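**Student:** So the protein lines, in turn, are chains A and B. Note that this note's numbering gives residue 17 to position 17 of the first sequence, counting from 1, and the numbers run on in steps of one. Note that this note's numbering gives residue 879 to position 624 of the second sequence, counting from 1, and the numbers run on in steps of one.
What the hints contain is simulated information worked out from the structure, not anything from laboratory work. Among the hints, erroneous ones may be present.
Listed below are the simulated BS3-like cross-link pairs for lysine-lysine, each with C-alpha atoms no more than 30 angstroms apart in a straight line [unchecked claim]:
hint, chain 1, residue 1, chain 2, residue 2
1, B, Lys-522, A, Lys-77
2, B, Lys-828, A, Lys-141
3, B, Lys-828, A, Lys-179
4, A, Lys-165, B, Lys-837
5, B, Lys-828, A, Lys-218
6, B, Lys-828, B, Lys-537
7, B, Lys-842, A, Lys-141
8, B, Lys-605, B, Lys-771
9, A, Lys-74, A, Lys-60
10, A, Lys-141, B, Lys-342
11, B, Lys-511, A, Lys-118
12, B, Lys-828, A, Lys-74
13, A, Lys-141, A, Lys-179
14, B, Lys-339, B, Lys-263
15, B, Lys-537, A, Lys-141
16, B, Lys-837, A, Lys-77
In this text the structure is predicted, and so the values were computed from the model without any measurement.
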Amino acid sequence: MELLQVQNIKKVYTARLGGKQFTALNSVSFQVARGEYVAIMGPSGSGKTTLLNIIASLDKHTAGEVILEGRSLKTIKDRELSAFRRENLGFVFQDFNLLDTFSIRDNILLPLVLSNTKVPEMEERLKPVAESLGLTALLDKFPYEVSGGEKQRTAVARAIITRPKLILADEPTGMLDSKAAANLLRIFAEIHLGGQTLLLVTHSSMAASHASRVLFIKDGELFSQLYRGADTQKQFFDRIVSNLSVLSNGGVDIG
Amino acid sequence: MARGFFLKLALTNLRRNRKLTFPYFIASTIMVGVYFMVMMILYSRSIGNLDYGKTIQQMFGMGHVIMTILIGTFMVYINSFLIKGRKKEFGLYGILGLEKRHVGRVIFWENLILSSASLLLGILAGSVFSKLVFLLLLFAFRVVAAGTTFLLPWQAFAFTGAIFAGIFILTTVINLLHISLANPVDLLRGKQKGEKKVRFVIPQTFIGLTILAWAYYIALRVDNPLAAMNQFFLAVVLVIAATYILFRSGSVFLLKILRNNKRLYYKPNNFVAISSMFHRMKQNAAGLASICILSTMVLVTVACSASLFIGQENILADMFSYDVEIIMNQEITQEQLADLNELIASLEKKHRVLVEDRHSYTFGKTFKMLKNGEFTTPDIRQYQTIINYLVDITIIPLTDYNRYSPNKETLSDNEILVLSSKESGIPDVFNVGENQYRTKARIDDSIFSRGKEVYGGSPYIVVRDEDAMAQMLSDFNEDSPLRETTAFNLQGNNERGLKFAQELRQGISAIGNVQKISDIFTYRIDGYGIYGGLVFLGGFFTILFLSATILIIYFKQVSEGYDDQERFAILQKVGMVDQEVKRTITKQILIVFFLPLAVAFLHILAASPMIMKMLQVFNLFNTPLTATCIAATCLIFALVYVVVFRLTARTYYGIVKW
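So here's chain A without its partners, still in its complex pose (with noise of 0.2 angstroms):
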């Protein structure tokens, strides 16, 4: 069975006086396998992000259905619905959301805490998720002492630690300089390699180029998708380009 089933998701935004409406998703339908890593692109405004947000359960659609391992998202109560994120999604986001309060430790066991995790438990899962991120030195530090790449490796130990079902990332290399992004991919590859599921939004052709599967978007409909295949990286990075200027008409945003 699929890990989530995207059922026909519309997404309506009325304006609060005149009652003017604005269409952001059109009956998008899209499957995600276990251990899949897709990527999500389109250009601005397409309905990436709010698409990933209802995902997220962040933001609640209109129409449609949202199924994660058999469950449909609307079923779930509003009081349960932090618990059921903290549960079974791991979130990076573009601007880190680290919180200042904590040390890059803390951050990276909050949703842990959350879930009242045994003190010895939580030692035991931070070790390797720290090492494996080249985060260790760096533990006792607070996010406005670290970089922007150290903040975002910060931010994907949060989302893994608690060994979630889907992990999503919202344009997660957008406020990176290259060489941090393109570590930053090189640990969601790996990530993916031991067998995580991901959904990556992105504007960045090279951050999709490290998925296995890519979907477009534009003005809130599904447009096409690109599976990777046996390409190389550097092959699949050149199909999503030329896709893209077939997607824009001419005008490619690439990021």
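Given chain A, work out where chain B should sit, using these hints.
**Tutor:** Relative to the frame of chain A, chain B by itself:
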């Protein structure tokens, strides 16, 4: 660019930032108003011409220096709140192409508009309330103001204008420096700069605790009023220093201990709470310490002036055992005494008062130190401890005692009776000069020592006859002669009593051999002047301290709100339950804002013995009254604090909005 542009921009900014500018405007209007009224009292001829107007003006003369410094400091402090939150905005201007001098001009206009508006409104409000203050003053002095005109002195306008123009220039310069010292990118980032590291936490905490312990020790150990007066200032300075140090490092120290306890720290509620508190305390230590100090000052000021004002009668009762006391030379003749009695009787009838408890006797007086049952001559070099041992001894003959006592006593040579309503410390057997005296009996209730006040009361010594009196006085090295006195109470109100006393004073000069009259009525009026003045000064300081406290609380809440908004969103994304987030943040806010109040109460608790002793300098020995005043002040202040918190919390929740 046209000048109108900057003015318009300034106006728009003020309107857009009204969450901060409006309270600032209100606060500075209050400051102007209070300052104006203080200046008005200081320079008003109408008040100077009142009976005790000069006294009050002297008091305000001393008070206004402190007040000016306080107002200046405070205005600069709250101005920093206004500018701090806007760094990003200034950075944006720079990036949009406004030069620094242009931004400077906008800031100048903003400050000018705010300052002049609050100056005008403040002076207007001050002028209106001045009349009210004047009437209150008349009431405090118990003066009937028939035909007194009230004019506002020009100095009040001039000095208020000058001081606040000075503050305007100072804050403008500070704001301009803020901008000119930074480049746009720095300004844009301004808020995100990492927090200050508190260094040397353990030694600082230790030092803070030591200083606080020292201050509390001074306050608790003090055993006499003069020492209390002397050491009060030292204790205040120490407490202020300790409060700042402990809020800064002590809180960090405590939270660090909590954070290092992993089992405790890594629990969902504690986790967020402890680390946010850590952050908050580092950011807010100085502000919270200021709130604490200001609150303590409000409490001390109000409690002291209230005690003095309410305790006036206690003070008077202590100073005057009987309402009127007439002291005469011993050479006074029978005719003169008859004249005096006639005068008293006629005045009694004329002013419709009733003479009560009248008693007349011969007496000699001596001031001695009585320590461990031994009499010594007071040594001025020991002025700090003298007051604990000083006794005011009145020696009277047995015949006068027996005249007013139901039990007739007899005394032999060197035998005495001690009349005192409390433990006098005079031993059973003691030596003075060449002689040994024996206390035959102690009588705790007699018309002589009874008085009005249970807390005070000086001892009377009864000896066999006038020769024995002379003997004892010479033993005490006292060369003043024996005198006659007659003392009595008057039934009737103060106004009639005052007229009685005034006419008695005039009439007596014609009789001769009368030394002096002391009466409670004249002094009561003096008291109204002094204590009324104190209450007034205290009232103004309270308004000042209170508006400062309220504004700091408000600004803190608002700036916290903007920070928390972001943190709250992140916590929700990461999977913390909404209500949980709300509960934790609310709890922290409560702790952060009620911590200063709790510490202020602790300070007051430690200071109260000292306050009680200090008030004894003003002859207020009624410690239960003082204690009640302190407790009542704390209670009312806590209520005001809660109300302020609730009101400002609304703004806070409006910002955080969940």
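**Student:** It remains to establish, for every hint, whether it holds in the given structure.
**Tutor:** Here is how each hint holds up against the structure:
1. B:Lys-522 / A:Lys-77: Given pair Lys-522 (chain B), Lys-77 (chain A) holds - Cα atoms ~24 angstroms apart, limit 30 angstroms.
2. B:Lys-828 / A:Lys-141: At roughly 23 angstroms apart (the allowed maximum being 30 angstroms), Lys-141 (chain A) and Lys-828 (chain B) satisfy the hint.
3. B:Lys-828 / A:Lys-179: The hint holds at about 28 angstroms.
4. A:Lys-165 / B:Lys-837: Measuring from Cα to Cα gives roughly 28 angstroms; hence the hint holds.
5. B:Lys-828 / A:Lys-218: holds (26 angstroms)
6. B:Lys-828 / B:Lys-537: holds (26 angstroms)
7. B:Lys-842 / A:Lys-141: holds (27 angstroms)
8. B:Lys-605 / B:Lys-771: holds (22 angstroms)
9. A:Lys-74 / A:Lys-60: holds (9 angstroms)
10. A:Lys-141 / B:Lys-342: holds (26 angstroms)
11. B:Lys-511 / A:Lys-118: Status holds; Cα separation ~21 angstroms.
12. B:Lys-828 / A:Lys-74: holds (18 angstroms)
13. A:Lys-141 / A:Lys-179: Cα-Cα ~22 angstroms, so holds.
14. B:Lys-339 / B:Lys-263: holds (22 angstroms)
15. B:Lys-537 / A:Lys-141: holds (16 angstroms)
16. B:Lys-837 / A:Lys-77: Given pair Lys-837 (chain B), Lys-77 (chain A) holds - Cα atoms ~19 angstroms apart, limit 30 angstroms.
Of the numbered hints given earlier, the model fails none.
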